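Participant: These are the residues of each chain, in order.
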Amino acid sequence: DAKTTQPNSMESNEEEPVHLPCNHSTISGTDYIHWYRQLPSQGPEYVIHGLTSNVNNRMASLAIAEDRKSSTLILHRATLRDAAVYYCILRGAGTASKLTFGTGTRLQVTL
Amino acid sequence: DTGVSQDPRHKITKRGQNVTFRCDPISEHNRLYWYRQTLGQGPEFLTYFQNEAQLEKSRLLSDRFSAERPKGSFSTLEIQRTEQGDSAMYLCASSSGGLVADTQYFGPGTRLTVL
Numbered sequence: 001d002a003k004t005t006q007p008n009s010m011e012s013n014e015e016e017p018v019h020l021p022c023n024h025s026t027i028s029g030t031d032y033i034h035w036y037r038q039l040p041s042q043g044p045e046y047v048i049h050g051l052t053s054n055v056n057n058r059m060a061s062l063a064i065a066e067d068r069k070s071s072t073l074i075l076h077r078a079t080l081r082d083a084a085v086y087y088c089i090l091r092g093a094g095t096a097s098k099l100t101f102g103t104g105t106r107l108q109v110t111l
Numbered sequence: 001d002t003g004v005s006q007d008p009r010h011k012i013t014k015r016g017q018n019v020t021f022r023c024d025p026i027s028e029h030n031r032l033y034w035y036r037q038t039l040g041q042g043p044e045f046l047t048y049f050q051n052e053a054q055l056e057k058s059r060l061l062s063d064r065f066s067a068e069r070p071k072g073s074f075s076t077l078e079i080q081r082t083e084q085g086d087s088a089m090y091l092c093a094s095s096s097g098g099l100v101a102d103t104q105y106f107g108p109g110t111r112l113t114v115l
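From first to last, the protein sequence lines stand for chains A and B.
Counted from 1, the first sequence has number 60 at position 60 by the working numbering; the numbering is strictly sequential.
Counted from 1, the second sequence has number 75 at position 75 by the working numbering; the numbering is strictly sequential.
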């Protein structure tokens, strides 16, 4: 599986935007970029995914570099409830594939 | 609540005992996954079912581990002769099998402590 690299931790102030980076220099042409997050004492939850174009949904935005070797998850206004571990995961399309989690980025949000 | 449920939420056992965990996926989801998560690490894949067929198993799933999904609905994960190294959070997820996203929905997990 292609590997992703994320910072171990990041901090943000509440109501400020947060940019969570992910490097995936060995991504293949058919790999989708998925983001999941895990709130304290809960199972992971889906956030967003994309292939080449930037994507927006109600939770976040995903900005994908033109060469696809990196991406950034954007939380437009962080709240205390966004404090979680964020995982960037590569996944092939059309397969019933497992999710391969790294150690993710632990986001702390302060008042 | 129509999410993924797991039972029990916590299990404490002595080394050498057998334990069994249950996962009830979202209704009509045909795919079911088991993961294990230790402290400070991301979840690690253990095994995957499509309906009642177990299609993939990780090397992490030793002979002491067995999983079933007898009628393609709920699943059980059994660990025989537990060891202290089995202490972890066991997570279950289900999905409906979309071609692209195939979003996995996770349960709250079963935390196993082996004394």
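These are calculated hints, taken from the structure and not from any lab test.
Incorrect hints may have been included.
[Said to hold, decoys possible] From the derived model, a few chain A residues whose C-beta atoms are all more than 10 Å from chain B:
| no. | residue |
| --- | --- |
| 1 | H19 |
| 2 | G43 |
| 3 | P44 |
| 4 | E45 |
| 5 | H49 |
| 6 | R77 |
| 7 | D82 |
| 8 | K98 |
| 9 | T100 |
| 10 | T103 |
| 11 | G104 |
| 12 | L111 |
[Said to hold, decoys possible] Examples of chain B residues toward chain A, derived with CB under 7 Å:
| no. | residue |
| --- | --- |
| 13 | P43 |
| 14 | P70 |
| 15 | G72 |
| 16 | F74 |
| 17 | T103 |
Quick caveat, the model's predicted, so the values are computed rather than measured.
The beta-carbon is built from N, C-alpha and C at its ideal position, and this holds for glycine as well.
Participant: Determine for every hint whether it applies to the structure shown.
Facilitator: Against the structure, the hints:
no., hint, in the structure
1, H19, "holds, 21 Å"
2, G43, "violated, 3 Å"
3, P44, "violated, 5 Å"
4, E45, "violated, 7 Å"
5, H49, "violated, 6 Å"
6, R77, "holds, 24 Å"
7, D82, "holds, 18 Å"
8, K98, "violated, 4 Å"
9, T100, "violated, 7 Å"
10, T103, "violated, 6 Å"
11, G104, "violated, 6 Å"
12, L111, "holds, 26 Å"
13, P43, "holds, 5 Å"
14, P70, "violated, 20 Å"
15, G72, "violated, 14 Å"
16, F74, "violated, 17 Å"
17, T103, "holds, 5 Å"
Hint violations for this structure: numbers 2, 3, 4, 5, 8, 9, 10, 11, 14, 15 and 16, all remaining hints satisfied.
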